[in-house]
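Same order as they appear, the protein sequences are chains A and B. Residue numbering for the first sequence follows the working numbering, starting at 1 and increasing by one per position. Residue numbering for the second sequence follows the working numbering, starting at 1 and increasing by one per position.
Hints may be right or wrong, so weigh each one.
One copy or any two copies: either way a pair holds, since identical chains are not told apart in the list.
[Stated by the list, open to error] Below, in silico cross-link-like pairs of lysine-lysine (DSS-like), each with a Cα-Cα straight-line distance of 30 Å or less:
| hint | residue 1 | residue 2 |
| --- | --- | --- |
| 1 | Lys-395 | Lys-104 |
| 2 | Lys-228 | Lys-205 |
| 3 | Lys-116 | Lys-228 |
| 4 | Lys-202 | Lys-252 |
| 5 | Lys-104 | Lys-398 |
| 6 | Lys-398 | Lys-202 |
| 7 | Lys-104 | Lys-116 |
To be clear, the hints were calculated from the coordinates, so they are not data collected in a lab.
2 protein chains.
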Amino acid sequence: MPSERAKTVPIRPLSGFPELLPAQRHVEQEVIATLARTFELHGFANIETRAVEPMDQLLRKGDTSKEVYVLRRLQEEGGKDKGIGLHFDLTVPFARYVLENAGKLEFPFRRYQVQKVWRGERPQEGRFREFTQADIDIVGRDDLPFHHDVEVARVMLEALGRLTFLPGFRLQVNNRKLIQGFYAGLGVTGEGIDEVMRLVDKLDKLDPSRVRQLLLDEAGISEEQADKALALATIRTQDDSFVDRVRALDVKHDLLDEGLDELATLVRACAPLATATVRIEADLSIARGLDYYTGTVFETRLDGYESLGSICSGGRYDALASDGRTTYPGVGISLGVSRVLVPLVQRGVLTADRSVPSVVLVAVTDEETRAEADAIATALRAQGIPCEVAPTAAKFGKQIRHAERRGIPYVWFGSEVKDIRSGNQVAADPATWQPPTQDLRPQVVTTTEDSNTEGNPS
Amino acid sequence: MPSERAKTVPIRPLSGFPELLPAQRHVEQEVIATLARTFELHGFANIETRAVEPMDQLLRKGDTSKEVYVLRRLQEEGGKDKGIGLHFDLTVPFARYVLENAGKLEFPFRRYQVQKVWRGERPQEGRFREFTQADIDIVGRDDLPFHHDVEVARVMLEALGRLTFLPGFRLQVNNRKLIQGFYAGLGVTGEGIDEVMRLVDKLDKLDPSRVRQLLLDEAGISEEQADKALALATIRTQDDSFVDRVRALDVKHDLLDEGLDELATLVRACAPLATATVRIEADLSIARGLDYYTGTVFETRLDGYESLGSICSGGRYDALASDGRTTYPGVGISLGVSRVLVPLVQRGVLTADRSVPSVVLVAVTDEETRAEADAIATALRAQGIPCEVAPTAAKFGKQIRHAERRGIPYVWFGSEVKDIRSGNQVAADPATWQPPTQDLRPQVVTTTEDSNTEGNPS
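Kindly generate the complete structure, drawing on both the sequences and the hints.
Structure, rendered in structure tokens:
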């Protein structure tokens with residue numbers, strides 16, 4: 001593992017590659033464990049894909065080409081490895097995995113995937129060059145019933161609802177069929193539909209009056225068409241009352257009806273999962289821009305951190321992958337774990353109440369008695385209690401300070417255990433003693449103020 | 001997430017980048033969870049480091065330079081990002097992390113780290129370009145008592161001992177002080193000691209007679225010195241009896257005494273952890289080649305897979321890192337998770353008994369009753385039971401085959417639940433029903449023959 005090279009390591013933080021201190025990492029582990037537990041309760045199997053894909057695969061979407069990290073072997077300039085790069089999302093590798101293993105997977109295939117992805121873009125708040133995503137997708141062979149759209153939304157809502165130490169989430173849903181059917185019903189045709197959608201999508205950056213002008217100038221639609229397209233995009237409801245508001249715009253099209261039905265079904269099915277911190281709403285302005293969704297679309301805003309943009313996005317696509325003979329439709333949603341967590345831990349809003357898993361520090365007052373301390377620790381571990389033995393013999397006060405600095409709640413002295421928070425000290429047997437359940441694992445703690453006392457390593 | 005690009009994805013497996021099917025991935029998750037649980041019981045905190053390091057850092061060890069993957073941003077040829085590459089182990093990044101955060105960490109600092117690493121080398125069995133390592137290290141500031149060497153060995157032995165579905169492990173330990181003191185006691189001096197160590201280390205590849213000749217020719221030592229150096233390397237004991245065998249060679253040196261004491265202490269402290277599948281032995285041929293260990297050294301062989309080489313290695317180093325003012329000594333050990341697991345899952349020796357987390361498939365016999373099936377599933381999940389609802393309404397037989405193909409043990413029909421392995425079907429209430437504990441999670445299953453029925457995706 002080590003070598004002479006390590007003796008004078010230069011310290012060089014790399015912008016856009018966030019790292020966490022142990023207590024901060026515990027918060028991330030809790031988030032990932034909660035997500036994984038929820039996904040597995042719903043039958044999603046975990047997979048991981050390799051970090052690299054062939055460049056031709058990564059470059060299919062012109063938009064992201066600038067963000068790809070290309071790999072080459074140091075000793076093989078211009079060699080055969082030129083053609084691979086780091087994945088920039090988990091969807092491209094998953095589509096490839098499904099095709100590569102189609103004969104060995106059972107469809108519909110539910111999977112979750114929590115991995116790092118890399119983008120070679122300029123760092124800015126909430127944008128990283130290396131970050132963790134948590135994706136769920138359900139993929140069918142040839143077809144995939146609509147109720148899986150509902151399922152994916154419900155599973156992610158349930159998962160987000162369990163992250164009670166995070167700010168509130170607002171899951172915004174829409175449906176491409178609804179938008180496209182509405183525009184078609186207005187008389188917009190062909191590529192005009194995509195153009196109108198692309199321009200209306202600018203409402204999150206531009207004034208409605210400016211977007212209206214663009215619709216007239218660039219999409220070439222009439223004032224009445226533009227006004228109705230903009231009116232549609234203002235509709236936002238937490239129940240299925242959006243249906244009546246759309247109907248009131250007096251536009252008719254079969255595809256619109258289909259989209260309204262699907263979205264109403266989705267909102268009704270998700271509404272019961274709303275909690276104090278998680279809401280769902282139909283937001284008819286959501287289109288997911290240039291991505292090729294074909295039905296349901298999702299975005300998510302984090303309360304108080306709207307500048308982060310959507311932190312959890314996805315939707316339905318009729319062809320996640322295809323090998324020319326078989327098409328694999330899918331529906332999925334991807335949570336930006338780092339995008340949510342890194343700003344919060346860096347501002348000190350979230351941390352853990354200790355930097356080590358240890359519940360107990362077993363004191364050593366004399367090196368001669370280290371074996372006895374080790375035996376106590378072994379007995380505690382046999383009970384499932386994480387603990388550590390003092391690294392050097394020292395007086396009581398020093399041992400307590402050693403525990404305090406790490407946030408370890410208990411110090412074991414001989415045949416007694418002391419809760420160093422309350423000062424309570426009681427006689428105890430390491431073979432039977434149990435701490436209160438909430439002390440068994442580090443707890444995530446939140447502060448409302450920005451007290452970045454632990455600091456941040458990147 | 002998706003886009004048009006995904007419609008015709010070419011399938012291209014990449015040699016050296018192994019991927020697992022869901023049931024195989026479950027085995028890996030079980031291994032990692034068991035390791036993490038054990039490490040945390042001993043107070044090791046988890047961290048992750050970024051995947052990249054500056055190239056000058058990665059290239060300090062000339063040996064590995066050929067194995068480094070260099071990164072560049074696609075749109076920035078010859079730009080400022082030329083200087084980073086993917087880490088090839090977890091020690092170099094950890095040393096940098098310790099220095100970068102020294103003011104925010106508590107020493108001795110115990111950490112475990114389970115991450116992928118990358119090496120641009122030619123693939124061969126058990127050698128990958130992307131693989132997962134699990135490292136534990138304890139790092140002190142200025143000093144680190146020897147008992148931490150014992151601790152690291154005991155923690156890894158305990159972790160390996162819990163991986164009962166793997167073949168047996170043999171942890172081989174030695175001590176650089178013992179070897180170097182012995183050679184010094186023989187009268188070898190200066191760089192000659194390293195040269196003799198380097199040549200004796202070839203015993204795993206060359207005949208003893210050939211190594212003896214190299215010792216005479218290249219190290220220029222006498223026949224008596226060569227014979228004693230070779231005699232030392234043949235000593236291998238499962239207890240501290242190696243001490244007497246070394247003494248019988250009649251070589252004396254203070255450093256030798258120190259090494260013998262440390263190694264005997266280590267072996268005596270670890271012997272009680274031996275199980276049916278995990279053994280420890282003092283093997284005085286182990287030197288860890290070119291790595292700059294300064295005391296304890298570890299290697300590990302997997303029974304029946306000796307051709308994989310050492311699958312878990314490490315040792316003590318007096319300077320894991322230094323900033324010029326402060327030196328950070330460390331002791332650690334690194335398990336090659338992929339190196340152990342990938343050959344076993346690829347040969348079909350290890351897999352899981354189902355490909356999904358689901359314990360129950362809730363049948364749907366008619367789309368009209370899907371809401372009732374969903375309600376049953378919700379009740380089961382509230383009890384902590386992973387389950388899924390049938391994707392399409394179908395007759396009983398088809399639903400049972402759907403469950404069978406995934407290895408799901410139970411199918412829920414209306415108010416009854418059927419164990420499809422035994423055929424037993426009983427009335428049950430989803431709000432209170434519980435499966436046997438062993439059915440709650442997929443189980444790792446082992447086969448002795450090479451029945452690679454599930455296939456392997458890479």
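| What hints, given by number in increasing order, does this structure fail? | Numbers 3 and 6 - these are the hints that the structure violates, sorted from lowest upward.
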